[in-house]
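A.B. asks: What follows is each chain in one-letter form.
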Amino acid sequence: MGIDVNIRVTGGAGQGVHTAGGLLYRLAVAAGHHFHATQDYMSRIRGGRNSYSVRIREIPVRAGRPQADIELSLDPGQLPRILPSVSPAGIVVCDLPAGEAGSADPRVIAAPLRELAVAAGSPILGNMAGTGIVARVLGIPAEMVDRVLALEFKGDFLEKNRKAARLGAEWAEGRVPEAYRLPEAAFHPRVILAGNEALALGALAGGCKFAAGYPMTPGSSILLGLSVDGPSLGLVFEQAEDEIAALNMAIGASYAGARAMVVTSGGGFALMVEALSLSGMIEAPVVVALAMRPGPATGMPTRTGQEDLAFALSAGHGEFPRLVLSPGSVEEAYALAHHAMEMSEAHQVPCILLTDQYLADTVVDADPGDFPALSVNRRIVNGNDVPKDAKGRYLRYAFTADGVSPMAVPGEPGITVVVDSDEHTEDGHLTEDHAVRIAMVEKRTRKGEALETETLPPLLAGPPDAEVLLIGFGSTKGVIAEAREILSAEGVSAAAIHLRQVAPFPARAVSEILGRYRTALTVENNRTGQLARLIRAETGREVSGTIARFDGLPFTPEEVAERVKERR
Amino acid sequence: MSGILDTDVEKAWCPGCGNFPILDAVKKALERTGKAKHEIVLVSGIGQAAKLPHYVDVNVFNGLHGRALPAALGIRMANPSLTVVVTSGDGDIYGEGGNHLVHNIRRNPDIAVFVHDNQVYGLTKGQPSPTSDPGWSGSLQRSGVIAGPFPPLAAAIALGCGFVARSLAADVEFTADLMARAIAHKGFALVDILQPCVTFNKKNTYQWYGKMVYKLPADYDAADRVRAFELSLEWEERIPIGVLYRREDRPCFEELHPGVGDPPLYGRSTPAEAVRDLLRKRLITLP
Numbered sequence: 001m002g003i004d005v006n007i008r009v010t011g012g013a014g015q016g017v018h019t020a021g022g023l024l025y026r027l028a029v030a031a032g033h034h035f036h037a038t039q040d041y042m043s044r045i046r047g048g049r050n051s052y053s054v055r056i057r058e059i060p061v062r063a064g065r066p067q068a069d070i071e072l073s074l075d076p077g078q079l080p081r082i083l084p085s086v087s088p089a090g091i092v093v094c095d096l097p098a099g100e101a102g103s104a105d106p107r108v109i110a111a112p113l114r115e116l117a118v119a120a121g122s123p124i125l126g127n128m129a130g131t132g133i134v135a136r137v138l139g140i141p142a143e144m145v146d147r148v149l150a151l152e153f154k155g156d157f158l159e160k161n162r163k164a165a166r167l168g169a170e171w172a173e174g175r176v177p178e179a180y181r182l183p184e185a186a187f188h189p190r191v192i193l194a195g196n197e198a199l200a201l202g203a204l205a206g207g208c209k210f211a212a213g214y215p216m217t218p219g220s221s222i223l224l225g226l227s228v229d230g231p232s233l234g235l236v237f238e239q240a241e242d243e244i245a246a247l248n249m250a251i252g253a254s255y256a257g258a259r260a261m262v263v264t265s266g267g268g269f270a271l272m273v274e275a276l277s278l279s280g281m282i283e284a285p286v287v288v289a290l291a292m293r294p295g296p297a298t299g300m301p302t303r304t305g306q307e308d309l310a311f312a313l314s315a316g317h318g319e320f321p322r323l324v325l326s327p328g329s330v331e332e333a334y335a336l337a338h339h340a341m342e343m344s345e346a347h348q349v350p351c352i353l354l355t356d357q358y359l360a361d362t363v364v365d366a367d368p369g370d371f372p373a374l375s376v377n378r379r380i381v382n383g384n385d386v387p388k389d390a391k392g393r394y395l396r397y398a399f400t401a402d403g404v405s406p407m408a409v410p411g412e413p414g415i416t417v418v419v420d421s422d423e424h425t426e427d428g429h430l431t432e433d434h435a436v437r438i439a440m441v442e443k444r445t446r447k448g449e450a451l452e453t454e455t456l457p458p459l460l461a462g463p464p465d466a467e468v469l470l471i472g473f474g475s476t477k478g479v480i481a482e483a484r485e486i487l488s489a490e491g492v493s494a495a496a497i498h499l500r501q502v503a504p505f506p507a508r509a510v511s512e513i514l515g516r517y518r519t520a521l522t523v524e525n526n527r528t529g530q531l532a533r534l535i536r537a538e539t540g541r542e543v544s545g546t547i548a549r550f551d552g553l554p555f556t557p558e559e560v561a562e563r564v565k566e567r568r
Numbered sequence: 001m002s003g004i005l006d007t008d009v010e011k012a013w014c015p016g017c018g019n020f021p022i023l024d025a026v027k028k029a030l031e032r033t034g035k036a037k038h039e040i041v042l043v044s045g046i047g048q049a050a051k052l053p054h055y056v057d058v059n060v061f062n063g064l065h066g067r068a069l070p071a072a073l074g075i076r077m078a079n080p081s082l083t084v085v086v087t088s089g090d091g092d093i094y095g096e097g098g099n100h101l102v103h104n105i106r107r108n109p110d111i112a113v114f115v116h117d118n119q120v121y122g123l124t125k126g127q128p129s130p131t132s133d134p135g136w137s138g139s140l141q142r143s144g145v146i147a148g149p150f151p152p153l154a155a156a157i158a159l160g161c162g163f164v165a166r167s168l169a170a171d172v173e174f175t176a177d178l179m180a181r182a183i184a185h186k187g188f189a190l191v192d193i194l195q196p197c198v199t200f201n202k203k204n205t206y207q208w209y210g211k212m213v214y215k216l217p218a219d220y221d222a223a224d225r226v227r228a229f230e231l232s233l234e235w236e237e238r239i240p241i242g243v244l245y246r247r248e249d250r251p252c253f254e255e256l257h258p259g260v261g262d263p264p265l266y267g268r269s270t271p272a273e274a275v276r277d278l279l280r281k282r283l284i285t286l287p
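If you read the protein sequences in the order shown, they are chains D and F.
Residue 462 in our numbering is what sits at position 462 of the first sequence, and the numbering runs on without skipping anything.
Residue 164 in our numbering is what sits at position 164 of the second sequence, and the numbering runs on without skipping anything.
Take the hints with a grain of salt, since some may be wrong.
[As the list claims (entries may be wrong)] A partial selection of chain D residues facing chain F, derived with a Cβ cut-off under 10 Å:
1) 151
2) 187
3) 191
4) 204
5) 242
6) 245
7) 253
8) 373
9) 380
10) 409
11) 412
12) 428
13) 430
[As the list claims (entries may be wrong)] In silico DSBU-like pairs for lysine-lysine, Cα to Cα no more than 35 Å straight-line:
14) D:388 / F:37
15) D:388 / F:35
16) F:37 / D:443
17) F:37 / D:391
18) F:28 / F:215
19) F:35 / D:391
20) D:163 / F:281
21) F:11 / D:388
22) D:391 / D:443
23) D:443 / F:125
24) D:391 / F:28
It is worth saying that the hints were derived from the structure and are not from the lab.
These numbers were taken from a predicted model, which means no experiment stands behind them.
Beta carbons: idealized from backbone N, C-alpha and C, even for Gly.
Based on the sequences and whatever the hints tell you, model everything.
C.D. replies: Encoded structure:
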């Protein structure tokens, strides 16, 4: 299996935990290796307990591990809480003044990080002195650290950081074990992306030109990506006064011809629900990125969960078709955000991109080839393609075979575009005519049927005669994949389905696959088995059970493998 | 009255409704803009007032109750060459959509907002609105309204709105003139229109308003914010109509927003090279 080193940096908010983690994964990539980084942080600005885990392997990594092999502790007060999750052969580099033992635990290496930082020019550089020590543990040469630091910092601050890292590495000489040295590997250019960053880029690649939102963890970094990177592609962004405004603004922009999206989490999405229904009624394409966190209500703002699956599927009064996509990796976040933009406009339906804090904040290295520039196919009609009645009026809701009416935008000479949240006639004016009502309901239903024909099939992996089938959606993809490897190494053959799309649900494919396996378990970050219920509703088939986790933390492969063995 | 902006949609208002003269005024004001039908968007929420856009042959966005303003802002941001006018009721703009009123006055987009202020919820059959007089008894407040009225003009002046006016629905010419000036004003413009509800409001009738209102004198200085604020609170004895406050020096949202402008969003492309550049920023190549 080669190397598998899990490094964890812990400290309070404001101590540079994130910066140290980011430097360590860049070093791993520079050394020709791969990483998976996740953060566990508290809902506060300073202090508290934050950790950043960077798992390094020789192959691409798509899941974390609970036990740290190398712990960099910037806050000695946290030692008692940290030690139980350090592997038996691991080490803990802990910021303790010279001469202080700090702990009777032989894994603890007392390192004078603060003193080294002061020697480098600033007490705030303790994280960098510690990073220098960890780099030495990994066998990464000081010149490499210098080069990678230059990617992050400039000028005087760069030199101070370099000095702190160098002092750390020098201090570490002869004081740290050699067991965690990374083997030599050839460097390959890789892109480094977090899930939310990839999702924002995918939306931009999909032609998104308007974004609005009210900040809410863990969705905010998508807004950040759109507002920082969007302008170079002509996107306009506005921070809304509330989530209700955000989605109504996006729908207004969509009516005026822009590809538009909003970003939120569960509580904000709850406020958007009426407008989601508006999008369904006036057939305005729009994309909603819904980054889940544990609820109900405020729940655990900075932790992960998959509790809003049923909510996303049913949100909005009345009946209207929708697309709900559930990316499971940075590559899928990019591709599906683009897909959402395309499909939402092609079928004139709202699309929800269902992600969660785990995928949102997970950073990995990826193959640049997996992030191609994709085509943007606009469907706005003008001139002779605009459907009109005998009086020359534009029929925004013209009846068509697939239910999709050609969409023109206001500003098109010779026509007016009329949309109404009331039930309406083909020309968009409100009506209480029951025959028209039936025809419009049928038209919207046909759009859903057409949408269904383009459903993304579930991704099936593993042997056809496996003992157990694992089923997940969204962020569990990488964890389940590695759990299968662990099970296989232990003689338990497992297959898995990853659902990239949950509405319209790929019922036939899932039903057919379920029929082939004796034991099928859903793996879900919620208590009630929402995916299992969805499968029952959509296929009439009962799964054997659910592996549920709802403490606010993501699954790990070991945990899933262990629980599969208990259940099979 | 019939004109080029008429539609053949049947009007759903009561005979004698104050919405009829407001409709006439809206059409006159829109004709005076010199804009073609396709360059104008009428945006509304839900209610009897909010049906007005259906009776005018321009682009129409008849959205959700209370949410006309955010939709209007989205339209302006996507295509600032469109003339965007919101026309909706007092419950819509001052009640359900109050938060959007506050924050859009702060933003100052170039949107004219006409509020059909009849101090009552008509379509839901006679409940008090945010501007109902205290003591007025509606179908859900039998013993009279307890809450104090929302003062739209005072609130708008306090928030820095650059065009704050009040009109009387019955006076079509006067209303049309204020509306045309509101549309011409660059920035957020509020016209509160005193509108009798012949079915549910037996207090604030055509006769009552006729007795109470007075037009601001020709030499009134609309630039005087403190005086405007004072006048905006006049109600018990008499009610001023006209442009109470006007301020021209504040740039509008669309001018200040770095991305809004030409071309409109639907005309902007997504060059593959620009997408590749964003990915290149995330590429680790060793220096």
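A.B. asks: Now tell me if each hint is right for this structure.
C.D. replies: Going through the hints against the structure:
1. 151: It holds, given that the least Cβ distance between residue 151 of chain D and chain F is near 7 Å, below 10 Å.
2. 187: Hint on residue 187 of chain D: holds, closest Cβ of chain F at ~7 Å, below 10 Å.
3. 191: 5 Å, holds
4. 204: 7 Å, holds
5. 242: 6 Å, holds
6. 245: 4 Å, holds
7. 253: 4 Å, holds
8. 373: 3 Å, holds
9. 380: 6 Å, holds
10. 409: This hint holds: residue 409 of chain D lies near chain F, its Cβ roughly 6 Å from the closest one there, short of 10 Å.
11. 412: With Cβ-Cβ at 6 Å, under 10 Å, it holds.
12. 428: Holds: closest Cβ of chain F sits about 7 Å from residue 428 of chain D, inside 10 Å.
13. 430: Interface hint status for residue 430 of chain D: holds (6 Å vs cutoff 10 Å).
14. D:388 / F:37: 16 Å, holds
15. D:388 / F:35: Between residue 388 of chain D and residue 35 of chain F the Cα gap is close to 22 Å, so the pair holds against 35 Å.
16. F:37 / D:443: Cα-Cα ~28 Å, so holds.
17. F:37 / D:391: Given pair residue 37 of chain F, residue 391 of chain D holds - Cα atoms ~15 Å apart, limit 35 Å.
18. F:28 / F:215: Holds, at roughly 20 Å.
19. F:35 / D:391: 21 Å, holds
20. D:163 / F:281: 26 Å, holds
21. F:11 / D:388: The given pair, whose Cα atoms are some 23 Å apart, holds under the 35 Å limit.
22. D:391 / D:443: 23 Å, holds
23. D:443 / F:125: 33 Å, holds
24. D:391 / F:28: Since the Cα atoms of residue 391 of chain D and residue 28 of chain F sit roughly 23 Å apart, the hinted pair holds (cutoff 35 Å).
In terms of the numbered hints stated before, the structure departs from none.
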